[in-house]
Amino acid sequence: MRVPAWITALFLGPNLLGFAVFTFLPLLASLVLAFYSWDLFGSPEFVGLRNFYELIGFQLSAKGGVEAVNPRFWYYVYNTLFLMLGLPVSIFGSLILAGLLNRRLYGRHFFRLIFFIPSIISGVGIFLLWKWIFQPDYGLLNHALAALGIDGPRWLESIRWAKPALMLMQFWAAVGGMNVVLYLAALQNINPELYEAAEVDGARWWHQFWQITWPMVSPTTFFILIMGIIHGFQGGFEAAYVMTRGGPAGATTTLGYYIYETGFAFFYMGRASAASWILFLLVLAMSWVNWKVSEKQVHY
Amino acid sequence: MKQWLMALLVACLSVACHRQTQEPTLVVLTPGGALGKATREVVEAFQADHPGVHVQLITSPGKDYYVKSLTMLAGRAHVDLLWLGQGFGLFAGRNALRDLQPLLDRDPDFSLGGYHPEVLEWYRYGKRLYGIPYGVDLQVIAYNRQLLEAAGVPPPRSDWKLSDMIGIARKVTQYDPRTGRPLVMGLGLESLDFRYYGLSLLSEDRRRFGLNREVGREWLHHHLSLIYDDRILQQRGSLESMDRLTGFLNQQVALFDLATWDLPEASKRALFEWGAVPIPLGRTGKRAAWASSSGFCMVARTRQPDLAWKLLKRLTGAEFQRRMLDRSIPTLVSLHEEFRAAHAPRNVDAFLETLNGMDPTPRIIPLQEVEAEWHHWMDRALLREITPEEALEQAESHINRILALYPLPDEEEEMP
Chain A
1 MRVPAWITAL
11 FLGPNLLGFA
21 VFTFLPLLAS
31 LVLAFYSWDL
41 FGSPEFVGLR
51 NFYELIGFQL
61 SAKGGVEAVN
71 PRFWYYVYNT
81 LFLMLGLPVS
91 IFGSLILAGL
101 LNRRLYGRHF
111 FRLIFFIPSI
121 ISGVGIFLLW
131 KWIFQPDYGL
141 LNHALAALGI
151 DGPRWLESIR
161 WAKPALMLMQ
171 FWAAVGGMNV
181 VLYLAALQNI
191 NPELYEAAEV
201 DGARWWHQFW
211 QITWPMVSPT
221 TFFILIMGII
231 HGFQGGFEAA
241 YVMTRGGPAG
251 ATTTLGYYIY
261 ETGFAFFYMG
271 RASAASWILF
281 LLVLAMSWVN
291 WKVSEKQVHY
Chain B
1 MKQWLMALLV
11 ACLSVACHRQ
21 TQEPTLVVLT
31 PGGALGKATR
41 EVVEAFQADH
51 PGVHVQLITS
61 PGKDYYVKSL
71 TMLAGRAHVD
81 LLWLGQGFGL
91 FAGRNALRDL
101 QPLLDRDPDF
111 SLGGYHPEVL
121 EWYRYGKRLY
131 GIPYGVDLQV
141 IAYNRQLLEA
151 AGVPPPRSDW
161 KLSDMIGIAR
171 KVTQYDPRTG
181 RPLVMGLGLE
191 SLDFRYYGLS
201 LLSEDRRRFG
211 LNREVGREWL
221 HHHLSLIYDD
231 RILQQRGSLE
241 SMDRLTGFLN
251 QQVALFDLAT
261 WDLPEASKRA
271 LFEWGAVPIP
281 LGRTGKRAAW
291 ASSSGFCMVA
301 RTRQPDLAWK
311 LLKRLTGAEF
321 QRRMLDRSIP
331 TLVSLHEEFR
341 AAHAPRNVDA
351 FLETLNGMDP
361 TPRIIPLQEV
371 EAEWHHWMDR
381 ALLREITPEE
391 ALEQAESHIN
401 RILALYPLPD
411 EEEEMP
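So the sequence lines, in the order shown, correspond to chains A and B.
So the first sequence is numbered by my numbering: it starts at 1 and just counts up by one.
So the second sequence is numbered by my numbering: it starts at 1 and just counts up by one.
Worth flagging that the hints you see were computed from the coordinates, not collected in a lab.
It is possible that part of the hints are untrue.
[To be verified] Among the chain B residues that face chain A by a calculated CB cut under 10 Å, a handful are:
hint: 1; residue: 40
hint: 2; residue: 41
hint: 3; residue: 64
hint: 4; residue: 68
hint: 5; residue: 71
hint: 6; residue: 179
hint: 7; residue: 180
hint: 8; residue: 375
hint: 9; residue: 377
hint: 10; residue: 380
hint: 11; residue: 381
hint: 12; residue: 384
hint: 13; residue: 397
hint: 14; residue: 402
Quick caveat: nothing in here was measured; it's all calculated off a predicted structure.
For glycine and all other residues, C-beta sits at the position ideal for the given N, C-alpha and C.
Let the hints inform the model, and build the full structure from the sequences given.
As structure tokens, this is what we get:
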């Protein structure tokens, strides 16, 4: 039976309206605003590409060389990329964990629940908890290190250790959670006959993993990687806001936090919009590269 | 169906009419805590005296108070009065506040004659008066008398110098020989304030960064040597958990920059003898202490300026100042004796003495951005990521660029 067009429109309408008002129009407005200077109070003033120049431009320095107009922006791009270095480790960790939880072990349902907990509890709670774990004088981590005879660093106060500390926390949160659920589903979809055949052929567990498990879960790995990269570029705001306020000396400021600070602390709405679109282009470019590189590695 | 629609319409109209005839409402924004409580008490008294008036008090935590308030005003939220301190320039420079002078001129019962004139000036932007202060916030140096006595050091005098402070800190600082961790840190300051060197963050005309000069470089090198060579100054911590007041109260810090708002906590929790002196005299022989103020301002878009003015007078008047005596110096000079008495037997003369040597944070529109830029480069230097020279050069270049984007109040007055 052919459904009349007006019924289709009736069902799609509310959703499309919501999308247009709350997503598409703000997106469009932010694109327009990226070419304006506006502090929310006066009238927006057209400045062309100046916002982009203020963020990613270069100028001649007084000493004769070339320098970034805004070196802090580039430093925050570096911070964002650095914090994403933990992504492959957490993906691999999730796969190993899912492999363990997929076995017929006693209490596996309990452990599945335990490892999923970081995904359902409040992010702010987690960040406050880790803030105290990393506390250099009274924190759990340095206390444990001291028991081993190691003088722990001043984690979140140290420009060198603040980023690794956040990566450690992210690893804890990401290794369980949704990634494990996705990998569990992927592992349970692998035909057991493949393993039986491999065993008959004398393949060891290592070969079975590389030749069967890894290719069979590759679509899931690809999905997790793409989502991880997108979240990695957009993320870091909550942790920076709650734990470090972007410090010390901007060492934990990510692009997400910088956009918030530029827009809602300094009230450069145009520059914050421009930074958001630069972030979008970065995510788009990285996703495209990822797509191209992974094209031949993913087995559907 | 028609009847239902009619009933709905009548209901809507009655709600709308009800709103129209509602009692006049004033909305007041303040940070929470003790200030929020004191404001609530005054508001309740105001409502009791004005039965037809409803006052809504919105308190938001101190952190990000300015950002939240500014966003509310930008979003044209109904706000009539708001508390403002050193972030005053962010609001005044954006024409978000109402000039109080016409209201003041019309009011024969109110005079600013008794207010501390210098602090009152901090609420002027250009030629306009945008707020009335009720309190002054500043810092003095608190010392742990027992730790000083144990090190054989006499308590500092109010005419002490920076070298005296460093000398005392050297004598009282103690490290655990086994772990190398500090047992007692001499200086628990947020930083070695550049004001001790007679410096200001911005030039006198507030057009340029003021620290990138010979004395500024000397100051930053000295700051580093106190942290890493002398090891008598705590590293500047950007975390709340690094609470210097707690360190002082735990007797782990001997000298500490005590702010007026720390007074209730320090008086209540200290289990040892402590005293306070003004910050040391700077290299120029003058004293310049960080200072700020607390006051109330009226929002430019208020629809009830006369009613708001009545409440503002209460929120900045003698009664309110008395309520805040435990944590800020009253701006009415006549109440200074009461401030002294409220803290007796503790001697708080150091605070009153500092009123003659205050150096407030500049009240400019891009204050938060300038401070963020400066802290970024200074922290990188203090963490030895870059040299003091590089930090000052970078800070100068970027802060000057930020300052160039904004007109100063006097320049704004000249604009058509």
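Compare the structure with the hints numbered earlier in the document and write down the numbers of the violated ones, lowest to highest. 1 and 2
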